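The listed protein sequences correspond, in order, to chains A and B.
According to the numbering used here, the first sequence is numbered sequentially starting from 10.
According to the numbering used here, the second sequence is numbered sequentially starting from -15.
Hints were generated in silico from the structure; no laboratory data involved.
For clarity, every value in this text was computed on a predicted model and none was experimentally measured.
Backbone N, C-alpha and C define an ideal beta-carbon position, used for all residues, glycine too.
The reader is advised that the hints may include incorrect statements.
Ranges of calculated distance between the beta carbons of each label pair, as one might list FRET restraints [what the hints assert, rightly or not]: (1) B/156 to A/31: 46 to 52 Å; (2) A/18 to B/156: 55 to 61 Å; (3) B/164 to A/165: 50 to 56 Å; (4) A/170 to B/156: 58 to 64 Å; (5) B/69 to A/315: 55 to 61 Å; (6) B/120 to A/222: 15 to 21 Å; (7) B/197 to A/20: 45 to 51 Å; (8) A/133 to B/8: 37 to 43 Å; (9) B/28 to A/222: 30 to 36 Å.
Residues per chain, in single letters:
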Amino acid sequence: MRKFVKNYLSYTVIGSLAIILTIMGAIGALPGTTLALLEQSAIAIVLAVSLNMVVGFLGELSLGHAGFMCIGAYVGGKLAVLLSSSLGGTNILTVILALIIGGLAAGLCGFIVGLPALRLRGDYLAIVTLAFGEIVKNIIENSEFFGSHTGLRTPDFTTNRSMRFMLFTIGAVVVLLTIFVIQNVIKSKHGRAITAIRDNEIAARATGINVTKYKLMGFVVSAVFAGLAGVLYSYSVQSIQAVTFDYNYSIEILVIVVLGGMTVNGSIISAVLITALNNILQTKLGGNIAVAKDLIYALVLILLVIYRNAPSLKTFREKYNLGNLWIKLIKPKNDPSKVGEDAVRWDVVPTKISMDEVLSTDVIIDTTGDNSADIGERGGNK
Amino acid sequence: MAKFIDNVKSFVNTKILKKSHKRENIESSYVLETKALGITFGGLKAAQNVNLKIKKNQIYGLIGPNGAGKTTVFNLLTGVYQPTDGEFFLNGENLTGLPQDKINHKGIARTFQNIRLFNNMTVVRNVMVGLANQPEFKCNLFESIFRLPRHFKVEKAMREKAKELLRIFDLEDERNNLACNLPYGKQRKLEIARALATNPKLLLLDEPAAGMNPHETEDLVNTIKIIREKFDMTILLIEHDMKFVSGLCDEITVLNFGTVLAEGDTKAALNNPEVIKAYIGG
């Protein structure tokens, strides 16, 4: 049961939600605006989960996620436009083809950019990916083929209800596919190599991990799914403009990932919450939303940090911790110190070390080692 | 023009195809043999003319005062630095100039002076990272994503092998704890277990006893002896604890200011007046 919950929780929740909503949509219980909101959530989830692959598991900061999304959106959108005369723009085959081609195009760009860029680290990689996003945006904005600055009109899915509905179903399938692939990559030997690089790159090299290969693997997988999200986006809005995919958008995705605690399930939850928040702000505040949005994002982030760390809220947090609640629900008599092989974070990390424990451990502070001779200081920064 | 083309060709060969070292193998009865190995950082000769000859199943010590270039030699042997002079051979195979992961695949594994574990991963997974490159655990990305039967087979086999390794190091009960939560002595052991998981022919230990209490050191001596017997392993280690060295090593090399001061039998080398002078001064 535990294992099942741990591995398939996100699939089951999202899958069943998708089915329920599909049925609700089919009988006409969902208004069009709600469907649009759900589509936006689906896109945000795909983006957040795929960016989390780079930020959360590979441990590198990428600010070019909107760039990959932009490539996916334009390649997929243009393909649908080109195919609209022969196959029909809103045909399901066209959509699937567009998803495949758009995803592959973004993945290819990820490969080309990642090959040189992933030799860099930290801030430098962030700058390169940021530049990449801007370059993509500007090239597409100035290309006649992609409709230059007037944007690209993609097939209209809103004309008829069943069309809109198909798009939503496809979105749900893409979300499930994203979670499936990324979870499975992470929970395999390849994923272990990727997290090993995050934890200690020097040790990973010495343990025989081809660091460039695995970094590239993570980066490309992330780019492919950003491309898929882009294709979905281009269909859900009918008219795409390159200006949308600026670096603010990348930052927004990053905020979602960071807010989600850089885990897969957290990214899903925070993607839905942020989309909902966005939507509420848009409907309540109307016109001048851009300023207020950033302000409220910042407020939410600050409040969360305070909530996470405030000493006066400690007992509250421990009592109503979502993780602890799950454990209580699943196994009431379970000893939290004895957990399964693939233990999830919240029950492994000790909350606080008591002074007795500190005194009883055998740790002796190393004063003899000349740490400057170790490669961390010199060789590590090559 | 012809000269320019030659320049381009040599650039492509050295920088892109990495053919600078025409690696020639030699006939050698030693597990590790270095020939005039050295590196200079600018004008600083961090290590020069280091000739090590390590026989199979030997425990070999590399000692010297602080800043003598011991860790530099380790970094040369594992490909962290590319040697500016000389070559080194593992069982006669020239490994000079290979990248770190390739050297590890060929059979040199190491531990670090300040422990470098994968802190946010469980103990068993730390070892499984080391196992991943062995040919019997081959499984490509496609098979992992779509959970084909081979993925499960390989994962299970890896987990069993990792547990087996951890049992030898008496870490099996800790296998589901995060590596960063282990006590110091166990972290050391885990680092050695992870290095052994890559199935090396030569194990490099960088100050394994640093920061350990006498009890832990004694435990470590036993562990190293067990490694030598069970895995038929050749071990090269750096250490400052002379009791540890003289009790464990068959032969040693003493370095000072990047050069070899003395080498050979442990007792004789330690009683060499030059060595005593280097350590005590005068």
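For each hint, the structure was consulted:
| no. | hint | result |
| --- | --- | --- |
| 1 | B/156 to A/31: 46 to 52 Å | holds (48 Å) |
| 2 | A/18 to B/156: 55 to 61 Å | violated (29 Å) |
| 3 | B/164 to A/165: 50 to 56 Å | holds (54 Å) |
| 4 | A/170 to B/156: 58 to 64 Å | holds (60 Å) |
| 5 | B/69 to A/315: 55 to 61 Å | holds (58 Å) |
| 6 | B/120 to A/222: 15 to 21 Å | holds (20 Å) |
| 7 | B/197 to A/20: 45 to 51 Å | holds (49 Å) |
| 8 | A/133 to B/8: 37 to 43 Å | holds (38 Å) |
| 9 | B/28 to A/222: 30 to 36 Å | holds (33 Å) |
Hint compliance for this structure: hint 2 is the single one not met.
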